[in-house]
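Read top to bottom, the protein sequences are chains L and Y.
1 is the number of the first residue of the first sequence in our numbering; add one for each residue after it.
1001 is the number of the first residue of the second sequence in our numbering; add one for each residue after it.
Hints listed in this document are in silico derivations from the structure and should not be mistaken for laboratory results.
Quick reminder that beta carbons are idealized off the backbone N, C-alpha and C, glycines included.
Keep in mind that a hint or two might mislead.
[As the list claims (entries may be wrong)] Under 8 Å between C-beta atoms, here's a sample of chain L residues computed to sit facing chain Y:
(1) THR133
(2) GLU137
(3) VAL142
(4) ALA145
(5) ARG147
(6) GLY148
(7) MET149
(8) TRP158
(9) PRO163
(10) LEU164
(11) SER168
(12) ILE170
(13) ALA223
(14) ASP227
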Amino acid sequence: MIALAARGPVIPTTFGGSPSSYACERANRLFCPDWVSRNWSAVLWPALRQHIVLSVIAVAIGFAISFALALLAYRRRSVERPVILISGILYTIPSLALFEILVPFKPLGLSIRTAEVALVSYTLLILFRNIVTGLREVPDDVREAARGMGMTARQSLWRVELPLALPSIIAGVRIATVTVIALATVASYICDQGLGVPIFAAIQDGVFKTELIAAGGLAVALALFADGLLVLLQRALTPWARTRAR
Amino acid sequence: MELQRVTKRYPGQAAPAISELSLEVPAGEVCVLVGPSGSGKTTAMRLINRMIEPTSGDILLGGRSVLERRPDELRREIGYVIQQIGLFPHQTIGENIATVPRLLGWDRARIARRGDELLELVGLDPEEMRDRYPAQLSGGQRQRVGVARALAGDPPLMLMDEPFGAIDPINRERLQDEFLRLQATVRKTVVFVTHDIDEAIKMGDRIAILREGGVLAQYAPPAELLSHPADDFVAQFVGADRGLKRLALTTLEDVELVQPNGLKSSGRRVPLRSTVRDALSMILTAGGKPLTVVDDEDHVAGLVTLELVGGLLGKDGALTDGNGARTAEGEAAEGAETGAREGGGSA
């Protein structure tokens, strides 16, 4: 309370706008919509944008790695166990600890690269498992028919097996995406990017909660939005999956 | 299509799955591979399109060894129908049928035309079916699509592995009849695998009976198999009712019927197209009394009696027998011959 009162006179020059709009801040209510609208373009929107970039890069790289490993494991079962083991260990390391461990490595340090390495490592287990499972669940008779009609292994994979694995693959991407969006808030601890920045600022401030709630809420909204988008993508890509009813 | 002393041995197994199997299937004929489980009938079929590689021996298709060919290219020239059908659930019926034509690189218009043509050929409405997904079809419809898909690239040879095995008995019979009608127009060389001897007798121009270990027990037309089983194994496999099965191979059209000179019919009627076996069954149902045989226009063609049927079976080789040619000509000629002899015997 005292700290906020001391900052009181400074507020108008920092944030602009009419003095009446600071009533909420002065009263230190839990959530001040005015603060949000005043700081949208300077604080929240850039953070949200960075957050999206962080997440998209992490899921994309994670998918590329998992996809390659999954195809390998689909052809050679012996690959599956070690991949599950390693990605499983990565998955269980507490996120803050993982960020800390990665920082001392030379090319990483306190940068967005460190954040991405950590985020990607959390997607691997989920994506790898879902892609492999999706491929393994393709019915034998379908695979047999594809081969029997003269498809090469590659044609069968791209035209038959992967399309049929899509529901499982996209389910994996959904979980990975939501996980990454949530975890990326922690990434700002080392790289000063994303919605984690305003959240950390609010935690350090200790009193004023609007920033925390707004940024946290945006992260949740972003996760829900991305999930919904992927559901729509799945529906568009797998029209056949909805005809099961009969 | 010819198998030449083909043997398949799986590593770690003492007995071969197929031993020295030689078989020749003339173009345009249906060869049925039949046998108990473990007789290697499916293995033998899958050797032909190289889904399985033989240990020794050779397989010729149109005079050329399949072993010299790239397996995927070879398979595009061989229609393949399996029991579970294996339609692609993510593709429409039209896309499913287009599989092989697309692999062969046909242009779109030709593929579309071929798809509609095939759907009509197997008795499905192209307009209605083309854009549906397999999950929206009944089992029988799916099976028809499976056959259409296998025919799409116009392959000279079709391999069918228990294609009607998972269909209920009523629909199975309908599909069998449809397939025979279809085969009469497309005249493919067909290798057909089943464990059901009745289906084998119905579908096959020739039947290869395999016994355990992939040994050929007998290879003959159905009538010969029933009248002259090569050994006890074949006799047992075709069943104690092989006499009845022979009757099922002949229709009343091929039999010299009894003229109703004062003979009283039971009043029941039986179509001329019926098999002698069905007629016998109806006679028995009618308490052993004769039946009136009528043709398509409902004209009375004669009577069929218990004695007449008994006479047909009594004389060995009297029924359609011997060369087993089942072309319309062959059957008519044999029928006339049979009828002449038997007509005399039972009058």
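Now for the hints, and whether the structure bears them out:
no. : hint   : result
1   : THR133 : violated (17 Å)
2   : GLU137 : violated (12 Å)
3   : VAL142 : holds (5 Å)
4   : ALA145 : holds (3 Å)
5   : ARG147 : holds (7 Å)
6   : GLY148 : holds (4 Å)
7   : MET149 : holds (5 Å)
8   : TRP158 : violated (12 Å)
9   : PRO163 : holds (5 Å)
10  : LEU164 : holds (6 Å)
11  : SER168 : violated (13 Å)
12  : ILE170 : violated (13 Å)
13  : ALA223 : violated (29 Å)
14  : ASP227 : violated (23 Å)
Violation of the numbered hints given earlier is confined to hints 1, 2, 8, 11, 12, 13 and 14; the remaining hints are satisfied by the structure.
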